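Model the full assembly from the supplied sequences, consistent with the hints where possible.
Chains as they are written, first to last, in our numbering: chain A, 1 to 619; chain B, 1 to 619.
Bear in mind the hints are in silico, worked out from the structure with no lab data behind them. Remember, it's a predicted structure, so these values are computed and weren't measured experimentally. From the three backbone atoms N, C-alpha and C, an ideal C-beta is built for every residue, glycine too. Honestly, I wouldn't trust all of these hints.
Quick list of simulated restraints, FRET-style, between CB atoms [what the hints assert, rightly or not]:
| id | chain 1 | residue 1 | chain 2 | residue 2 | range |
| --- | --- | --- | --- | --- | --- |
| 1 | B | Gly-183 | A | His-541 | 52 to 58 Å |
| 2 | A | Gly-481 | B | Ala-542 | 34 to 40 Å |
| 3 | B | Asp-190 | A | Thr-300 | 40 to 46 Å |
Protein chains: 2
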Amino acid sequence: MSAPEQWHELAQQLRVDSIRSTTAAGSGHPSSSMSAADLMAVLLQDYLHYDFSQPKAPTNDHLIFSKGHAAPLLYAIYKAAGAISDQEMLTLRKFGSRIEGHPVPILPYVDVATGSLGQGLPISVGVALAGKYLDKLPYHVWVVLGDSEMAEGSNWEAMELGGFYKLNNIIAILDMNRLGQRGQTMLGWDGDQYAARARSFGWHAIEIDGHNLDQINSAYAEALAQTAQPTLIIARTEKGHGFSEIANKDGWHGKALPADMAERALKELGGERHISVAVHKPAAGVPATSSECTALTLPTYAKGSTTATRSAYGDALKALGAALPDVVGLDGEVSNSTYAEYFAKAYPERFFEQYIAEQQLVASAVGMQVRGYKPFASTFAAFFARAYDFIRMAAISRANIKLSGSHAGVSIGEDGPSQMALEDLTMMRAVFGSTVLYPSDANQAAQLVALMADQPGIVYMRTTREKTPVLYDPSEKFSIGGSRVVRQSDADQVTVVGAGITLHEALKAYDQLKAEGVSIRVIDLYSVKPVDAATLRAAAHATGGRMVVVEDHWAEGGLGDAVLEAFTGAEGQAPAAAFPRVVKLAVTSMPGSGQPAELMDAAGISAPHIVAAVKAFLG
Amino acid sequence: MSAPEQWHELAQQLRVDSIRSTTAAGSGHPSSSMSAADLMAVLLQDYLHYDFSQPKAPTNDHLIFSKGHAAPLLYAIYKAAGAISDQEMLTLRKFGSRIEGHPVPILPYVDVATGSLGQGLPISVGVALAGKYLDKLPYHVWVVLGDSEMAEGSNWEAMELGGFYKLNNIIAILDMNRLGQRGQTMLGWDGDQYAARARSFGWHAIEIDGHNLDQINSAYAEALAQTAQPTLIIARTEKGHGFSEIANKDGWHGKALPADMAERALKELGGERHISVAVHKPAAGVPATSSECTALTLPTYAKGSTTATRSAYGDALKALGAALPDVVGLDGEVSNSTYAEYFAKAYPERFFEQYIAEQQLVASAVGMQVRGYKPFASTFAAFFARAYDFIRMAAISRANIKLSGSHAGVSIGEDGPSQMALEDLTMMRAVFGSTVLYPSDANQAAQLVALMADQPGIVYMRTTREKTPVLYDPSEKFSIGGSRVVRQSDADQVTVVGAGITLHEALKAYDQLKAEGVSIRVIDLYSVKPVDAATLRAAAHATGGRMVVVEDHWAEGGLGDAVLEAFTGAEGQAPAAAFPRVVKLAVTSMPGSGQPAELMDAAGISAPHIVAAVKAFLG
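See the structure below:
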């Protein structure tokens, strides 16, 4: 067969298989798969370089379906490549199958989970940054975009940074099939407008008929020839192309064909095929980044001096940079506040400014870890709320990323509530498999930063803007899942739990209460998730079941609820034999501007309020 | 004085006042204020139409500082307009002052809180939609943008929708001062590139020297003449313009001038002035929208039939639309899933498609409520995570918006985890002053939708994809903050709390346990926030302090923690005398695809798991 004939046959197979799997499942998105089948056939046959026997090979291209609902097409590609069997493909959407409704990386060929639109392109920017500037390998990132998702602002963050960093190793393919879930998209088939937008963001844009195999072929060749610009191929397509009963017709989004229609569709498409494609393997190559680690020397701080934990974060990240060549820094244009700038200045070749684009900040981290790097991404803690959907999806991607949020709580002071993270602990705790750390002093912060490097999953550290006293000797050891009992005696009547800035208030309260003859136990709960249930249970038991938890955070889902978790049960796990009586001191009114101490006092989380809460407990 | 002389004098006053207030505060952003002073002087003197004695007048223009850190400039404008005194202006950033570090609407002239960048323009789109299509009044929305924040994807969502809806009543002023917080912005002074981007998104773009008063004047006149396009004025400015020691110099972001520098600056700027501007008042006018409400007739569902609560949401919203002319519908291109389409079809003139741009979806709602409308915004519950920072800021704006998230939890089935909201209850509970509802049947859902309309603050309803049995008679009454004991006897040994889909599992568990001679109390906790503490405490007391909470949600911060909230104390509020022993059944492993029943069972939240948890409790 000629190349065009081969492409056509393969494209028809991809369509047929997208229909077969979705009809077998009784749900799914065949029409959104069929529109991009020609584009994928040419890619698979002639352009993709991927060793399916070694999905983690550093030289492999990356194929990311940003329009994750076209998963049936992706699985049809894997079948054609011999990576999965026809039989497994037909387990689409079945309980227990790897062939899920949207792609997830339990399939080794899938880099990241998609299905929340507008994430594939931003993540591709992270992979491409790694490819061009760290690995320095010639692989390409092929991204398949839907046209509806071009409305997501996150895609324009990716466009601007892709252009800014001249990521010519990205080839994005816009499957402009005109129809969204419930009608026409904002731009319909106005390819010129997409092209103008892409060009204004620094991209090379190519407009083609997405069902013309020769045009597709030429576009890929033209994209590969780019040396300083990423490419967006705007492919005009028809949703459901190839089956006249649904092609370019509204009302067929996310609907599997019933058996009789599927039969007619297969007939029109020329029936089942089982073409196997010998996908090009990439040339051999190794990443340019050194893999030689050296001994880690963490910064230390003199007990009794004062240092902000955000500053310790910066120092420790720089130290990590010296020891671990795979550590990468990312920041959202506030590195002089988060102190990521210490790393940036020491290791500029491994630091990537993400500007004020927090979705892209997290997406770049996800992309970096696809290539095995250890990304540390920082911004103000409040602004991670901007990227919550990316963090949620990163967990589904089983990604290993490290996030650091500075300027948490009312204790930031004069800037006011827009800059105060008061929901970050909540938000980060409710991420599957996450780790949430909130250090209370600089030596502890430095140690925890080091532990973050090897901790899998989404690892979040909340740091404090204000300088706080160094409580611990540099020799003291801390662990993820640990806590520290900082004040303790046999006479303790109430347990007070704090973390970060509030631990210091708890210590002031301890001194005052001690002077009045009241003894409290004070716990530094620096590991908010996982939480040290044993220590909390023991403390509650020792102090008559009386606990006060104090946090610079809203009352819902933060430190207080982390403490309660130590006492509740779950399936197969009994709750504590006795539940303590718990008073939560948290922020419950809207703060304004003011000095940190004024605001903490107004929020009811300062030492006097802890003292009052303890006394109220004791009647 | 000639107009240019007047403008100049006023601009210098705005600069001087920005320095005076920040130097008095010892912190703040004078340099970011000074760059835009000329732009604001011309606006205030000749273009803004605003009656400061009637800030809520429907015909007023709107002035939104998207670059909220330029708040000192905004306050200087208010002083010049006579809205606040010089003395109050100088309370900037002081505890208890209305003159906060970033603008908040406790000042009546501030429409919405800003300070999280990239929000002012999206919110302006909402205000402008209201102005052009609902109020049909000739007011304009003037938006002051920073150049750093143009990196936020949210601004491009606003650009695309502003263009799509032909919002010629928006005049956005880009203060292109080149310098961000920590160095040059991505585009520096490349005004052509901003202009190209704006044009490609359907905007009219004008490039000017932002310190040339005549050019500013001409640009405003040109912008006002637009009939079918919003305008972006790209004003090349210098950060710190007017004071040679800091003008266009890096390192002066967010820094107040020390007293000696401030003195030199005032000297260079010509000293203190106290010019008072008689700001143009708008012409009289009334909104085109009817204010006549009619009786509300909610949909009803026959007890024992099955209906998805998302469908009841759609029916009830349509009914609200008939009764209340100020109800507006917004959706993120999934209205055929959220069933906002029922409203959209009935009231197309009050429905605004926001496409797949969830940040804009929420921002438009915030903008609509600035003009007094009652916006109901819907998308998949999972995708509100995309807009979490907008929801956080909406609370700081004291905004009244209603959000509805469909497709929550593993019970959505085959689509897989990317489409499953498992953190929405957590996220929404941790919003200041929020209300969180999770109806368990269609009649209840309809009633709660009606209650949402008048509930202040951020009001969220989680709906269920699957059809569930109608449990309640249409005559039964429900309230925000309420709950319903659906199974109860004197012999109850354990309390089981569910909501939404899990209530139905709890009822199945009840039947099975009853057949085995075990009696449980079952509570429908449809109001997740505020929570009905009295009923929960009474139930715990009645059932030996044994409680099982079951939720289709992660374990952190959701229904389980809402239940615990009923037992903990806070400042001045004692915890329950006896704390129950609580077992939380929640989603604790990553779900995949499958049938709803399979996934609920795998997650450990189905009836058999509830039965097992109850039995484990009873030993």
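Hints and how they fare:
no.: 1; hint: B:Gly-183 x A:His-541: 52 to 58 Å; in the structure: holds (54 Å)
no.: 2; hint: A:Gly-481 x B:Ala-542: 34 to 40 Å; in the structure: holds (37 Å)
no.: 3; hint: B:Asp-190 x A:Thr-300: 40 to 46 Å; in the structure: holds (45 Å)
No hint from the list above goes unmet by this structure.
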